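Below are the chains, spelled out letter by letter.
4 protein chains.
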Amino acid sequence: MIIVMEPNASEEAIARVEAKIRENGLDVHISRGTERTLIGAVGDERKLEPKVFEILPGVERSLHILKPYKLVAREWHHASTTINIGGNIIGGNEVQVIAGPCSVETNEQMRAAAVAVGEAGACLMRGGAFKPRTSPYSFQGKGVEGLSMLKNAAAPLGLPIVTELMDVRMLDTFLEHNVDVIQIGARNMQNFDLLKEVGRVDVPVILKRGLSATINEWLMAAEYIAAGGNHKIIFCERGIRTFETAYRNVLDITAIPVLKRETHLPIIVDPSHAGGKAWMVPALSYAAVAAGADGLLIEVHPSPLDAWCDADQALSPKEFSVLMKTLSGICATVGRSLPQPQKIEIAHSA
Amino acid sequence: MIIVMEPNASEEAIARVEAKIRENGLDVHISRGTERTLIGAVGDERKLEPKVFEILPGVERSLHILKPYKLVAREWHHASTTINIGGNIIGGNEVQVIAGPCSVETNEQMRAAAVAVGEAGACLMRGGAFKPRTSPYSFQGKGVEGLSMLKNAAAPLGLPIVTELMDVRMLDTFLEHNVDVIQIGARNMQNFDLLKEVGRVDVPVILKRGLSATINEWLMAAEYIAAGGNHKIIFCERGIRTFETAYRNVLDITAIPVLKRETHLPIIVDPSHAGGKAWMVPALSYAAVAAGADGLLIEVHPSPLDAWCDADQALSPKEFSVLMKTLSGICATVGRSLPQPQKIEIAHSA
Amino acid sequence: MIIVMEPNASEEAIARVEAKIRENGLDVHISRGTERTLIGAVGDERKLEPKVFEILPGVERSLHILKPYKLVAREWHHASTTINIGGNIIGGNEVQVIAGPCSVETNEQMRAAAVAVGEAGACLMRGGAFKPRTSPYSFQGKGVEGLSMLKNAAAPLGLPIVTELMDVRMLDTFLEHNVDVIQIGARNMQNFDLLKEVGRVDVPVILKRGLSATINEWLMAAEYIAAGGNHKIIFCERGIRTFETAYRNVLDITAIPVLKRETHLPIIVDPSHAGGKAWMVPALSYAAVAAGADGLLIEVHPSPLDAWCDADQALSPKEFSVLMKTLSGICATVGRSLPQPQKIEIAHSA
Amino acid sequence: MIIVMEPNASEEAIARVEAKIRENGLDVHISRGTERTLIGAVGDERKLEPKVFEILPGVERSLHILKPYKLVAREWHHASTTINIGGNIIGGNEVQVIAGPCSVETNEQMRAAAVAVGEAGACLMRGGAFKPRTSPYSFQGKGVEGLSMLKNAAAPLGLPIVTELMDVRMLDTFLEHNVDVIQIGARNMQNFDLLKEVGRVDVPVILKRGLSATINEWLMAAEYIAAGGNHKIIFCERGIRTFETAYRNVLDITAIPVLKRETHLPIIVDPSHAGGKAWMVPALSYAAVAAGADGLLIEVHPSPLDAWCDADQALSPKEFSVLMKTLSGICATVGRSLPQPQKIEIAHSA
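Residue numbers (this note's numbering), protein chains in the order written: chain A, 35 to 384; chain B, 35 to 384; chain C, 35 to 384; chain D, 35 to 384.
Any given hint could turn out to be false.
[Said to hold, decoys possible] PhoX-like mimics (lysine-lysine), calculated; alpha carbons at most 25 Å apart, straight line: (1) A:85 x A:101; (2) A:359 x C:359; (3) A:85 x D:101; (4) A:104 x A:294.
[Unchecked claim] Quick look at which bits of chain A chain B covers, simulated, 3 or more residues with Cβ under 8 Å: (5) 83 to 89; (6) 157 to 168; (7) 191 to 204; (8) 219 to 227; (9) 248 to 260; (10) 344 to 354.
Because the hints were derived from the structure by calculation, they are not lab data.
Just so you know, these numbers come straight off a predicted model, no measurement behind them.
Quick reminder that beta carbons are idealized off the backbone N, C-alpha and C, glycines included.
Based on the provided sequences and hints, a complete structural model is requested.
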């Protein structure tokens, strides 16, 4: 940490800062410039809070030099981490596509969705049983029943399931239903008690970026999970909030190369929530993979016109299938590949 | 709701929209303009989701006309709501100041804080027992023990206590400790399960605005609480996230007159978290009350230099006392008043 | 336009709104709902300002239904516009890459840059003679001399030149120097007098998006140029300002499909200014073209380590050449192509 | 400047950074920590660009320690600057209110406006002759004729005039019309050629903050003016662009105490453009002065219902007069005062 002193800071003020650094077990290095004296804290500054110094007399400001994250940082773990979900590797050479409806509605809808996404080449299935809705009067999801419906639709096709956990009290239920990947939604990215709990289980976690979370806050949220022992963390960029009103969110494509540099963990992209309209999804999907994403999380509904929520952002099976074909070409261009599409036998016999 | 059709929308497309509106039990009103046909849904449009229409062929976009909130809306409840907390009225003519340290640290600190804030004229005391921290390595609060320390310090002086609830599993413990006001922090503003639970109890709730929550989302979060039956909701503006990096947050003063117009519930301001520096707190406090705030939530620490967290934003007892004097003048100018400062007898005999 | 009346609006208030609409030569359509009366203005509402109604008694708010832009709107001009710049077509099937240094420095630097960008396949050359700099103490560009240096370097290789016009008084000088494409920078996107002047000349204009300009404002800025008679307008997305501090700007990739839908004019992307770091440029370039961009504007310097400005965001000739190879694959995947690289004979004989 | 080296930076890389610093005439100070080596550039770092170092091998990032502004900085000019405009002092103990219509329309309107604002206690008059409008189809202002109309209305009452300069070619005309204060609008805050020109004249300048300008950029824009020799600069906060859509801009009240600390120049606030609605103006005005603003810039129209632009944000003379009375109380509470209202003799005889 660097503490920048005010131009006229007294020797006493400098001594006080020095003492406070040493109290915390770090060493001190003083540099007297022409306009400012700088005091460096030498050692593991992660223990120090800059604010503790900014209140001392004569201090102008203090700056962290080291990154505050450690377990998730590529600096401390150079090799990229891969996460194996029922045989599907996320973070490796293959680009994984997770697809399915916004919300679990009926058994028929889920069966049709599973076949559609599996046939087109998705290797994991998504579906929301618990839905975070801005309005208390909107459909809140099928709840526990929805978990079963999702599992029952996906399992026969060999598709691991991904679903959102909102309430910490539901974690055991998720484990009982063999949820393969727990999704932490954007609004819960800094629900620290929830992060701590999923940090204690051995199930991969997709950690969505908060609506206005900085890269640093996002990495620190992952650090919460990792600090609990669970290192199977997948970042998911889903668009950020800006001043623009022409679309729901701005997909932050720059976050992909930046995260790839800062962390060893995989990063996927949710193009459906980012743009908020089905017609934007192909362009955003291609861009995400071209920029280096390890996977996509896409909303596909067997009949978007009838979807119970976010109808306007779901792709139809046919649109999804077309998207997957172009995506395959993008993957090849950037030296990656899509997994081979499954042969869906059960589905065809049904 | 208004559904705007594309310029070349067919009669069939118009008929389909019309049918969908009627299916939902609303009436239809069609207006054919020179460039667009507009279809109005007449009735309680709150049941309709605009997205359901935007996916239909020939639809350009759809717009809500009515506000989505009802229980918290001034439109439906003209008189301002006042909330009585141990005899202190929030939302009436008096401006209430809630003060105390960022986090509960020790019994001595809390006792000194209670005396300081009470003597200067604060009528409620704040203190964090559970702290939401960006880093898992930072001090996370004293936990349940902190609740007792806060209550023990505040009760002898007749100060009701305000403290943050982060984890839904802790609600019963909060009730057992007779927490007088439950604070929902900015990061949990859309933790819908938590909102539902505090909606079921009969304890006033301070609902902080999310870091990048719109006024509409904030009102809808309150609607979640109100829908559960708890109408004792106090909004708290605490600064929003913008592009500016010179200070932590931008205090959104405009939210005060806008909320006063939109809702019948009280609104207070947290100037300490907004600016992030103690020296900004007086200016922001005066501005907030001048703009119409019903109260303030201010960090005061008996010895800011020794505070365990957010040291740079806490006022000392003396600074707080000076602030209260000027604030009293501001109140008078805008036709309000501060409550009479307490005589703190127990404190002086201690 | 729709004018939404307050719940208790009087008949007199409704009549007054009606009169004001008719005064402006539009027709009126009234729809009485259960909670609100809506008044529609039927006709070309572009003449009306919503604000004029919002001040009338009994009016809650008023909304534009039609888009405010017309000349640049795809709605009024369905076919995509292509712009021919010295034989290079922007907005057609080929993806055009414009490359060159941030600022014109020396004749040697410019000659080396021209060869480098031409050999790698760029078809136009960029270079700044007038530089908008945040600090008055930073290098402000070579000025008029720089225009000649740029033209002299690019012309022998058949590369049309692109350079920024900041000061309206310099327009004639730009024309005298045969600038092939005039660039309007982000900070001048709403310098309306400058827009009006470039609207009067017959030279293609690259209109960069303002740092925090909405899509709507950007289209309206182009409408200023088009209204003057110059329809050769190329939009350039260069990143927007958000709360994120880990990189300079957030490249708004979603703007590409949205602009493609809203306007018939071409859109290119500047990945260099968006991210602000050379190592991010390839990922952002691939993403931009994958998302549908018609071209790229990339900073390339013969020796980035020696660049006089923005050194950290310029690609070296070798890095640029590698980028172009992958880009060619991305183009093919999305059904487009890069132009055939030039044979640079003059350069080799030099 | 501090250059932070990567963990594994070689001695050669360190030597190269050191050499580059010395080349620029500064001294070097090296600090070897446990995880990073830091290299300090000792001397006037304002000449150095951080980017020049970030491209060197082994460099992680580089940070400015000193503020980039000097002429406008309080650090270099401790006493607050006051600016005398026809006897009205801005930046002293008195709070100055500048009022008048958004745009100059007719002689009658201007005369009525002048009387209204003068009687209520405004000491300067505003009015737009050149209007920056988002749409080319909106009223663009009366132009040069408007300057005369404004002067003719204000002069008999002894009110200096404030009006916006958009086009650098109009500066001489402004001087010929004896414009007392030149306003630089938000959209032109980084129109550097315009800033340079107004830096060469001896007329006070109101510099509005750009829609998304940081405090630092705003101060640097003022530095452009000051570097030209004109030190009569008045900052004007007018709301910033954020994600919020419930109001036009967010008035950034925190900027007031921060600017007061960073610069010796006065700061005023425009509450009319910030909120965008007349009913918000009083609350925002009181907040601005309570937070320390040196003045206000308020839109007042003799008949808002008939205003040609921004009708919904103009106060009527009566509303303005009421505002001024409360404002006077706010001033007194924070130890300041409003000037004595003028006796408007000419007006009454008219």
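Hint by hint, here is what the structure shows:
Only pairs whose Cα atoms come within 25 Å are accepted, and residue 85 (chain A) paired with residue 101 (chain A) is accepted, the gap being roughly 16 Å. Annotation: proposed proximity of residue 359 (chain A) to residue 359 (chain C) holds, straight-line Cα distance about 22 Å (limit 25 Å). The hinted pair formed by residue 85 (chain A) and residue 101 (chain D) meets the criterion: a straight-line CA distance of about 20 Å does not exceed 25 Å. Taking the CA atoms of residue 104 (chain A) and residue 294 (chain A), the gap is about 15 Å. The hint holds against a cut of 25 Å.
With 5 residues having a Cβ less than 8 Å from any Cβ of chain B, the region 83 to 89 of chain A passes the three-residue criterion, so the hint holds. A stretch counts as covered by a chain when three or more of its residues have a beta carbon under 8 Å from one of that chain; for the region 157 to 168 of chain A and chain B the count is 3, and the coverage holds. By the rule of at least three residues with a Cβ nearer than 8 Å to a Cβ of chain B, the coverage given for the region 191 to 204 of chain A holds, with 4 such residues. Restraint check on the region 219 to 227 of chain A versus chain B: 6 residues with Cβ-Cβ distances below 8 Å, three needed, restraint holds.
Residue count for the region 248 to 260 of chain A with a Cβ under 8 Å from a Cβ of chain B: 4. That meets the three needed, and the coverage hint holds. For a cut-off of 8 Å, the count of residues in the region 344 to 354 of chain A with a CB near a CB of chain B stands at 4, and the three-residue condition holds.
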